[in-house]
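Enquirer: Here are the chains, one letter per residue:
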Amino acid sequence: MNSSVIVFPGSNCDRDIAVALEKLQFNNKMVWHKDTNLPKSDLIVLPGGFSYGDYLRSGAVAGKSRILNDVIKAANDGCLILGICNGFQILTETGLLKGVLLRNKNLKFIGKDIHVKVTNNDNKFCNKYKKEQILKLNIAHNEGNYFTDLDHLKELEDKNLIPFKYCGENGNINEENNPNGSLNNIAGIFNNKKNILGMMPHPERMVDQVTSGTDGVNLFTSLLN
Amino acid sequence: MNITNTIVEKHGLKIEEYSKIKSLLGREPNLLELGVFSAMWNEHCSYKSSKIHLQNLPTKGKYVIQGPGENAGVIDIGDNDAIIFKIESHNHPSYIEPYQGAATGVGGILRDVFTMGARPIALLNSIHFGSPDHPKTKSLLNGVVSGIAGYGNCIGIPTVAGETKFNSTYNENILVNAMAVGHAKKNKIFYSKAKGLGKAVVYVGSKTGRDGIHGASMASAEFDDNSADKKPTVQVGDPFTEKLLMEACLELMKDNSIISIQDMGAAGLTSSSVEMASKGDLGMELQLDKVPCREEKMTPYEMMLSESQERMLIILEDGKEKEAKKIFEKWDLDFVVIGKTTNTKNLTLKFKSEIIGEIPIDALSVKAPIYDRKWTKTKLPENKIQIKDLKKIKLEDALLKILSSPNQSNKSWITNQFDQMVMADTLQKSGSDAAIIRIHKKNKAIAVSVDSSANYCKAHPNTGGKQIVCENWRNLISVGAKPIAITNCLNFGNPENPKIMGEFAECLAGIKEACEFLDYPVVSGNVSLYNGTNTKSIHPTPVIGGVGLITNINNKINQYFKQDGNLVLQIGKNFGQLSQSVFLQEIYSITDGPPPEINLSNERNNGLAVLKLINDKLISSVHDISSGGLLLALAEMTFGSDYGIKIDKPKNLLNLMECYFSEDQGRYVIEIQPDNHNKISEFLNENNIFNETIGIVQKDYFEVSGQLKIKTNSLYKSNNTWYNNY
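Sequence lines, in order, name chains U and V. Residues in the first sequence are numbered consecutively from 1, following this note's numbering. Residues in the second sequence are numbered consecutively from 1, following this note's numbering.
No lab work stands behind these hints, which were simulated from the structure alone. Check the hints yourself; a few may be wrong.
[To be verified] Here are the in silico distance ranges between beta carbons for each label pair: (1) T299/V <-> K136/U: 52 to 58 angstroms; (2) R103/U <-> H440/V: 40 to 46 angstroms; (3) N678/V <-> L107/U: 38 to 44 angstroms.
[What the hints assert, rightly or not] Listed below are the simulated PhoX-like cross-link pairs for lysine-lysine, each with C-alpha atoms no more than 20 angstroms apart in a straight line: (4) K411/V <-> K112/U; (5) K29/U <-> K441/V; (6) K330/V <-> K23/U; (7) K345/V <-> K108/U; (8) K64/U <-> K330/V; (9) K138/V <-> K29/U; (10) K34/U <-> K326/V; (11) K23/U <-> K442/V; (12) K717/V <-> K112/U; (13) K34/U <-> K325/V.
[Unchecked claim] Covered by chain V, per the in silico footprint, the following chain U stretches (three or more residues, Cβ under 8 angstroms): (14) 13–21; (15) 49–63; (16) 99–113.
We put the beta carbon where it would ideally sit given N, CA and C, even for glycine.
Using the sequences provided together with the hints, build the complete structure.
Expert: Now the structure itself:
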């Protein structure tokens with residue numbers, strides 16, 4: 001499977017995702033934001049980091065960058081798109097995913113391991129996970145508090161467009177286990193066609209038992225399925 | 001403009017020093033030249049009070065590639081891998097403007113490391129605040145922590161270890177020390193020594209603004225009541241630009257374009273140009289009208305003294321400009337040739353075609369003043385405390401009080417604001433004895449830890465100096481690493497006071513003795529003097545940052561209990577030393593008496609024995625015994641685990657409190673499988689290592705026979721409440 005990782009100035013998880021993709025047998029290319037030709041890809045990843053410093057609003061400048069036109073076009077043609085952390089923020093800025101990522105409710109950067117429940121596995125990204133499976137992933141963000149309007153929220157729930165929700169170690173989805181104040185404990189969402197996934201937790205940080213676990217592996221192997 | 005005494009003093013120079021400047025120049029300097037002198041001759045850049053003591057430190061060793069004197073120290077960890085690291089203070093700026101002060105402290109130390117060709121792989125910090133009750137402490141803590149987080153998280157280097165302490169001695173002068181660790185190829189290390197005549201001197205990075213002018217002079221004076229007015233001397237950090245600068249520099253370093261490179265840190269363009277020329281025994285001519293400026297109408301004086309961040313000076317090989325410029329343009333950074341190397345051995349400053357300043361390089365560097373300041377010895381305090389004279393307290397109450405005290409509380413409130421996982425090589429995060437970072441795509445790792453013991457150093461500087469080296473060494477051993485080398489950040493008060501200068505001299509003598517004995521050389525460091533306000537100095541607070549090597553990551557170990565039924569042993573002897581302990585401070589507010597004695601020979605033997613047992617896979621968990629003593633160490637071993645412990649009182653004659661809260665040094669707790677007990681105690685006894693079985697791992701409960709029995713999760717809770725309620 002051919003993947004491309006878009007590198008913006010200020011991206012800082014680009015190397016990590018590349019290592020994970022290569023480890024899991026993707027044929028990966030790094031694409032600099034000024035490049036004019038997006039290689040033919042089955043998967044495009046917008047990595048985590050602080051694109052353009054995120055001094056305006058997370059992902060705002062990257063969302064308007066030239067390379068994003070190519071990404072949007074590819075997305076509309078059905079290419080799989082994965083936005084992690086800052087990548088998720090960029091996806092909401094482009095409108096490929098609806099909603100916004102507000103500042104964390106405690107107004108602080110949060111960097112820690114959390115748990116999410118796989119609330120939907122009937123899609124390209126999660127088919128190797130069991131439904132209701134609890135994953136340990138890592139979050140590291142200042143703006144991960146997902147918010148959207150009630151109609152869209154209902155649509156997300158009704159159409160099974162939420163693959164991951166924050167939960168406790170035992171799977172309880174509640175306020176106590178919501179690290180950033182996200183609506184309905186949302187940790188990631190799809191577009192209607194489910195070819196675009198935006199998520200705040202970092203699956204690429206969980207592909208190695210010796211560092212912190214392997215719960216992120218199946219997200220990538222699902223794509224190869 | 002006439003240079004008056006007032007102008008001289010405003011530049012932080014003494015009148016005698018000004019006379020020396022005049023005699024070195026053979027004339028009066030102009031204001032620009034005076035500014036350059038003040039930037040180079042202040043304490044921060046010249047080390048004038050500390051130099052003669054620093055010279056005594058051991059700086060060489062089997063693993064040392066580069067000791068002090070460069071941007072950072074370099075050690076060899078085999079297979080053409082080198083580790084480059086340094087610690088630096090940003091105390092004064094952080095007190096004036098905590099967010100930016102701390103952020104630029106991180107930015108500055110990162111540049112020191114990537115300037116030498118290393119990709120930074122870990123950040124650490126040691127931060128000291130005043131009493132939690134002091135009205136400023138809370139906002140300073142918040143500001144500093146978010147400043148460190150803001151910079152490190154954005155640039156994408158994991159912040160993996162650190163220490164946070166509170167003590168009223170820092171009420172008016174907090175300490176913010178940041179350490180950066182990087183990885184380079186041994187054959188691709190870059191130095192700051194200029195070479196060759198007529199080579200292009202290139203300015204890269206951010207534009208120069210008016211921020212941080214005289215920052216280094218500010219950092220070389222004590223605070224007074226008007227310190228808040230010094231805000232404009234604090235620099236403003238831009239981690240995004242630093243990220244670009246780092247990537248651009250590392251990209252340029254892939255070929256052979258760079259002759260030498262130096263970051264513009266304290267005293268900015270002045271110190272970077274002077275240091276490069278001085279090391280190469282050359283002159284340098286700078287065309288100041290070429291300097292990229294952020295603000296209009298900046299004067300040469302402002303350009304030379306600005307401490308705007310995220311800038312570098314590079315001396316390039318002939319004919320490499322075009323390609324180098326292309327790289328910096330790719331990263332949207334300035335790249336301007338602003339000068340050249342010369343054979344005049346002068347720093348020549350030009351504006352348009354006019355020479356506006358000319359100073360011999362050696363007058364700014366090797367001929368800067370060096371002081372052998374008067375100092376007095378600190379006597380070893382007598383131990384007057386008898387535990388039997390103190391009001392009795394229940395063991396459980398004492399333990400819970402210590403666990404929930406600000407200094408011993410779990411610091412996840414802080415560390416959860418740091419990205420500890422970015423770069424995906426963090427094998428052990430903060431909260432343990434040391435953090436562990438894997439060398440990218442290899443099977444080996446480094447362990448890192450920062451430590452300080454200001455109370456011990458205050459009570460007896462020489463012993464305190466030895467103790468921090470030992471504690472740092474022990475922390476690295478406790479995760480399975482062989483300690484290799486250290487960097488130190490020496491935070492002290494006013495060196496013009498003989499008592500303070502004595503604290504400095506004696507702490508250094510202690511550090512030297514321990515480093516020599518443990519074969520643990522000092523490869524880089526930083527001195528921060530004049531910490532204090534209105535002549536009240538802080539406790540002497542040397543901070544040690546150590547790096548150790550784990551050659552096989554499968555041998556890493558942590559402090560958390562692994563299996564019920566396992567035996568728990570104490571390694572190293574307990575003498576019941578309570579003075580200067582956390583116990584006496586927290587429970588009885590007693591702060592006098594001597595610090596625990598250091599026996600370097602025991603320290604080394606015990607440490608090497610534990611390391612051998614770890615490498616032989618005979619230990620399930622290990623933790624060093626440090627502040628808080630044995631009981632606190634044991635409590636901490638239950639925190640990341642489902643297991644507790646049942647402790648039997650050791651068979652010595654010590655009082656219960658002395659047994660559990662003494663801070664005698666050179667001690668560890670190890671957890672072992674019962675089957676291995678004979679083999680292990682035989683090995684320890686053969687090597688004359690004191691050891692005794694003190695308990696057995698059990699599920700869920702922390703228990704001391706006949707004294708206390710607490711659920712481990714309630715212990716954990718009491719350790720976790722303070723920050724969240726502060």
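Enquirer: With reference to the structure, classify each hint as holding or not holding.
Expert: For each hint, the structure was consulted:
{"no.": "1", "hint": "T299/V <-> K136/U: 52 to 58 angstroms", "in the structure": "57 angstroms, holds"}
{"no.": "2", "hint": "R103/U <-> H440/V: 40 to 46 angstroms", "in the structure": "32 angstroms, violated"}
{"no.": "3", "hint": "N678/V <-> L107/U: 38 to 44 angstroms", "in the structure": "56 angstroms, violated"}
{"no.": "4", "hint": "K411/V <-> K112/U", "in the structure": "13 angstroms, holds"}
{"no.": "5", "hint": "K29/U <-> K441/V", "in the structure": "19 angstroms, holds"}
{"no.": "6", "hint": "K330/V <-> K23/U", "in the structure": "29 angstroms, violated"}
{"no.": "7", "hint": "K345/V <-> K108/U", "in the structure": "51 angstroms, violated"}
{"no.": "8", "hint": "K64/U <-> K330/V", "in the structure": "19 angstroms, holds"}
{"no.": "9", "hint": "K138/V <-> K29/U", "in the structure": "47 angstroms, violated"}
{"no.": "10", "hint": "K34/U <-> K326/V", "in the structure": "14 angstroms, holds"}
{"no.": "11", "hint": "K23/U <-> K442/V", "in the structure": "14 angstroms, holds"}
{"no.": "12", "hint": "K717/V <-> K112/U", "in the structure": "18 angstroms, holds"}
{"no.": "13", "hint": "K34/U <-> K325/V", "in the structure": "17 angstroms, holds"}
{"no.": "14", "hint": "13–21", "in the structure": "holds (count 5)"}
{"no.": "15", "hint": "49–63", "in the structure": "holds (count 6)"}
{"no.": "16", "hint": "99–113", "in the structure": "holds (count 5)"}
Consistency with the previously given hints fails for numbers 2, 3, 6, 7, 9, ordered from lowest to highest.
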